[in-house]
Structures are given as structure tokens and as C-alpha cells.
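Participant: Keeping their order, the protein sequence lines are chains A and B.
Positions 1 to 328 (our numbering) are the ones given, in order, by the first sequence.
Positions 1001 to 1288 (our numbering) are the ones given, in order, by the second sequence.
Derived from the structure by calculation, the hints contain no laboratory data.
Ideal Cβ positions, reconstructed from N, Cα and C, are used throughout, including at glycine.
Accuracy of the hints is not assured; some may be wrong.
To be verified - In silico SDA-like cross-links for lysine to any residue, where the CA-CA straight-line distance does not exceed 20 Å:
#1 K195/A - T169/A
#2 K322/A - G202/A
#3 K56/A - D1139/B
#4 K1146/B - G202/A
#5 K56/A - I1138/B
#6 K1236/B - Q64/A
#7 K301/A - D128/A
#8 K56/A - E1172/B
#9 K195/A - K254/A
As the list claims (entries may be wrong) - Label pairs and their calculated CB-CB ranges:
#10 P1062/B - A247/A: 36 to 44 Å
#11 R1173/B - E101/A: 22 to 30 Å
#12 E36/A - K1262/B: 48 to 56 Å
As the list claims (entries may be wrong) - To be clear about the criterion: a stretch of chain B counts as covered by chain A if any three or more of its residues have a C-beta under 8 Å from a C-beta of chain A, and this derived list gives those stretches:
#13 1108–1118
#14 1130–1142
#15 1152–1164
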Amino acid sequence: MLQKDTNQDLFLPTVEQVPLRAGFGEGLVEAGRADERTVGLCADLTESTKMDAFRKEFPQRYVQIGVAEQNLAAVASGMAAMGKIPFISSYAMFSPGRNWEQIRTTICYNDRPVKIVGSHAGVSVGPDGGTHQAIEDMAIMRVIPRMVVVAPCDSIEAKKATLALARTTNPTYLRLAREKTPIMTTPETPFEIGKAYEMWRGENPKVAIIGCGPVLHNALTAARVLEQAGISSVVVNCHTIKPLDEAAIVSVAKEAGAVLTVEEHQVAGGLGSAVAELLARTHPTPIEFVGVQDAFGQSGKPEELIEYYGIGATHIADMAKKAAARKN
Amino acid sequence: MALSDNERMVLTEKTNQIRQSIIEMLVEAGSGHTAGPLGMTDVFTLLYFHILRHDPARPDWPDRDRVILSNGHICPVQYATMAHAGYFPVEELKTLRKLHSRLQGHPHREYLPGIEVSSGPLGSGFAQAIGMAIAERIDNGRGSQKYFYAFTGDGELDCGIIWEAAMLAGRERLQNLIAIVDRNDIQIDGFTHDIMPLEPLKAKWEAFNWHVQEVDGHNFDALEEALGQAKSVNDKPSIIIAHTIPGKGVPEFERDYRWHGKPPNKEEAERALKALRSLGGKVTSEHE
């Protein structure tokens, strides 16, 4: 059943739908009010990445960089060198996609608290097609030392994540999506960087579904379907891909004895890989991976693409059964 | 303020000591770049011993001018100049590129106080300098007396990010940003005019709304005047195209692009030190 801090209306067709980036926009304004060192930099996507409210309230702390993502990262690093807390936003495909080396060297190697915000991540970007669907971003961020990687599940969580990341001294990556997606949490749901939490729990779970991002809604739908079929599960929102909540993951893996990871990302290098690395080392467990299987995205409606790439609820339920069936 | 005869003499003596240190540290390291550091020694000496507002005993002094070395591979000249200016013992220069040394092959700000940004991958240091100048303007407005000296190489100007950053600095009219290009006409694969022609370089920067000067990078008086003029420009970023001779001071290395990225061996270093100590044969005694 749904856990108490989860939006109890999330299965209703009338569930409120808001894009993650809206929560980021609200969070950034609050972060700007809380700390005057906060600055915003954008690469010609200010309205689209929802940095416009910050620009309106703090025009003197906003820098338009133009379509120049490498410069976006390095200029932000320079501002951080003078004591600022820069948020840089663009589409995930371009930042951190295009400017990886600048992020590695000028931000992470330099140890500067730059907050990278990649909007329009995942295949659910839709009609723009594969060029604009970042599905490698978590992998390329996770591999850099010092980087914190957070993929919130809904707009409310995106806002909390923005505020939490603003307070850290680390370089961070916040992954956002374009489309309106269901609200799954509540303002009261606790959020802490590096702390996973359960959204669904059945009695004596036979499989642990560990996911991140808006596709957790599909994972929860799958959990309900499995429950009706007599297969109990637990669904964990692992919003922080790095640092991973090792204790929580090992605990559910031990309890359920089988794991399924769910993400709107390549199966290589993202959440699934991080969980597999952990369990291989600490508690080897049968594990299956839902995500894009070494392919590029394409044009289509978001829901069509989610289905086509195997991240829909039905496929998640099938994969959960497959993982559970591998137990001895 | 123009240099006095005595100041010029002291600076000349310093450059000779710093060039010797560069040769000594490179031969000890067994790898690294020779041509650029020797070519930029005069500019670095003038900057650290005459121009810069800094305090070697307090490298984190908030009001210091900032030196950003975007062409990080010429760091031997910055390390040697900093050591001679009192940031750390000259003896430590011998640790260049060795395990756990503060003198990384390309500079790392966390290892060595006085290094403002970690750099080496070309182009990014320049963009960081521009971010620093923008942050300074947010805090202290256009009246800020803090200067940001960004070093770049001519080969580095091939990088796209240089021009992204140049466009931004021009739009923002960053008057306290002073860039210095080491125009030595060489890069790893050959002469810049063969690899990727840059001329008309002055016109390029002017088109990006920069104040541009071209000077002889080995002439203290010309450099000092250019830096003074760059400071006085109050509505644009400034760039000084410093024409230098790669490998300057050691006739055997001068103007030869093959010395861009390799160190001298023991014999070559001995000959180089002899050339420096005798001021190119003008002095016969080898006593220091």
C-alpha cells in the first residue's frame, strides 16, 4: 500500500500534474531570497528551464550566457571562485551533455559549489526527438568525483531538492523533465539528500523496486498491479543517485531477495548500475533493470515513447516478476 | 608609472634567475613545457614584482588582484616566479610533477595557495576569469579596483570557448579584466599560421568589443605602459597581445616549436644554464 507521506490520490485519473521544472523555478527564487550569494546563469533557455522568476526578482544576480554551454559552466565556476553559489540551467543534453569536461575540470576538480540543472531529461521530452532526449546524463555526472546527483520524482520534490542542493558546498546535478507529471509526494514528505524512502510497501515483499524520477509513478502502478496478482513488493524512491543511500538499498534487497531498478535513462551507468555496484559488493542479489537498453530516443508522444522503451507500468510489472522468479 | 633604471635592472636580474629556475625544474621533472615558460618570463616577472596587488604571505587576501593562468601548461613560469616572489621556497621547485608535490603538472588550486583556478584543458581558465570579474562587479560595482589578469596562449585561441567567453566579456564591458596573450606563433604541431591562422588577431578582438594593444613581450617599458593603459580603459575588457620569442633566453631553444612540450635533457640544460648565466656570452664568468 501507499506509504503515509505519499500523495494518496496519485492513482486517480484526476491527480494533479505539474512539470518538475516548475518546482525548480519556485525553489530557486526561495534559495535566492535565503542567500544573496545565489546567482542564476542560463544558456538561452530562461523561460523553458523556469529560471525566469529568479531573473525577474533578482535581475542583478542573473547572467544570460547565450547558446554557449561550455562557457556557462566555466563562467559559473569563476563566479563561485568569488564566493557565489551559481545555478546553471539548460537542457540536460547540452548541460551536462555538451560541457562535460568544463564541469569536470572547472567545477569538480576545482571543488566549486556550482549547481547544474539539466531540464528536459529522458525520452519523455517527446516530439523533439533523440537529439534532445538526454538519457546518459546521470551516468556522466555520477562518475565525476565530488558530484552529487539528484533526480526528483515530482515538482514538489524538485523544489525541495533545489533548496537542499543550494545549501550544500558540493558541485551538484539536478535532473528535471519537460512534461507535466503526476504529483506523488506531499509538501510534508521528508526530503534529505542521500536518503531514499519507501513510497509503497506490501507485506513480506518478494521484490524491491528501486527507482527515481517521474517514472516512479509507473513503478507504483506496477506495484499495485503486482499486489492484485498476489506478488508483494516495496517501492523505494532513490532520488539521490550519488551519494547512494547504501543502508536503505541493502536493507530492502536483503528483505525482498530480488531487486528491480527503474529509470528513464540508459540502463548503463545510471541508478541501476549504481545499485548493482553496491549489491555486487555487499549483498549479491538477483537484479533486473528497467530503462533504455543501449538505444537512442526518437520523436513521438511522451507516453508512446515511455511504452516503446519499456518503462511503462506493464513492462515494469513483468520485469519485477522476472526478478522475483530468479530467487532460489 | 614608468620604470626607473634601477627597477629595470632589478627586474632583468630576476628574469634571469627565474629562467634558470625553469630550466632546473624541468630537467629535474623530466617532462613538461619549455618554450612557453621561458617566453613569458619577462611578463610574469613584471607582473609579480611590479604590477600586481598581492601579498605572498597572504595568498588568500580577499582584496588581492587575481592571476588566472588559462594556458596552464606554462605553469613552470608561474611557479618559479611565485617562488622567487616569496610564496614558497625556491627549493620546492624541484618537486615539479612528482608524486604529492604541490606543483602539479598543470596547476591545481587546492594543492598550492596562490593558484586561483585549476587549469590546463585549454580555454576554460579564460572563461573562469570572466566569471570572476562578473561576480566582482555584482559585489563592488564598476568602481572596483581589483584586477583580473587572464593569461592565454595563441594556440589556445583555437578553442571555441575562448570566443564564447570573449563575446560575453565584451557585452558585459568588464573593465577590470586584462587578458594577456602569449603570441609566440607556435603550438604543439607547428607554427600557428600553419595549424590555424589567427590573423588579423587584433581586428578579431576589436570586433568582440575589446580594447586591444600589441606589444613586445620582452620589453618591460612597453609592457608596463600597456598594462597601465589597460587599467585606464573603463568601458571595455582589455587584451594585450604580447609578442614573445618561445624559448627566450636560450638561443638553442628560441623560435623552435619542437620545444613547446618537452623538457631539456641534462646536457641541454647545462648548455641552457650556461647561456643564461653568461647572458648569452656577454659575461665570461660563470660565477653567480
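Participant: Hint by hint, say whether it matches the structure.
Facilitator: Against the structure, the hints come out as follows:
1. For the hint linking K195/A to T169/A, the alpha-carbon distance of about 18 Å falls within 20 Å, and the restraint holds.
2. Distance restraint check for K322/A and G202/A: the Cα-Cα separation of roughly 18 Å lies within the 20 Å cut-off, and the hinted pair is therefore satisfied.
3. The suggested pairing of K56/A with D1139/B holds, with an alpha-carbon distance near 19 Å, which does not exceed 20 Å.
4. For a cut-off of 20 Å, the pair hint linking K1146/B to G202/A is broken: about 62 Å separates their Cα positions.
5. As the CA atoms of K56/A and I1138/B are separated by approximately 16 Å, the hinted pair is consistent with the 20 Å bound.
6. For the hint pairing K1236/B with Q64/A, the CA-to-CA distance comes to about 18 Å; that is within 20 Å, so the pair holds.
7. Pair hint K301/A plus D128/A holds up; C-alpha atoms about 10 Å apart against a cutoff of 20 Å.
8. A threshold of 20 Å between alpha carbons decides the hint, and for K56/A with E1172/B the separation of about 19 Å falls inside it, so the pair holds.
9. Distance hint between K195/A and K254/A is fulfilled; the C-alpha atoms sit about 18 Å from each other, no more than 20 Å.
10. Distance hint for P1062/B and A247/A: a CB-CB separation of about 41 Å, consistent with the stated range 36 to 44 Å.
11. In this structure the supplied range 22 to 30 Å holds for R1173/B paired with E101/A, their Cβ-Cβ distance being about 29 Å.
12. Under the hint 48 to 56 Å, the C-beta atoms of E36/A and K1262/B, about 49 Å apart, fit the expected range.
13. Taking a C-beta to C-beta cut-off of 8 Å, the segment 1108–1118 of chain B contributes 6 residues in contact with chain A, enough for the three needed, and the coverage statement holds.
14. Check result for the segment 1130–1142 of chain B against chain A: holds, 9 residues qualifying (beta carbon to beta carbon below 8 Å, three or more required).
15. With 3 residues having a beta carbon nearer than 8 Å to a beta carbon of chain A, the segment 1152–1164 of chain B meets the requirement of three or more and the stated coverage holds.
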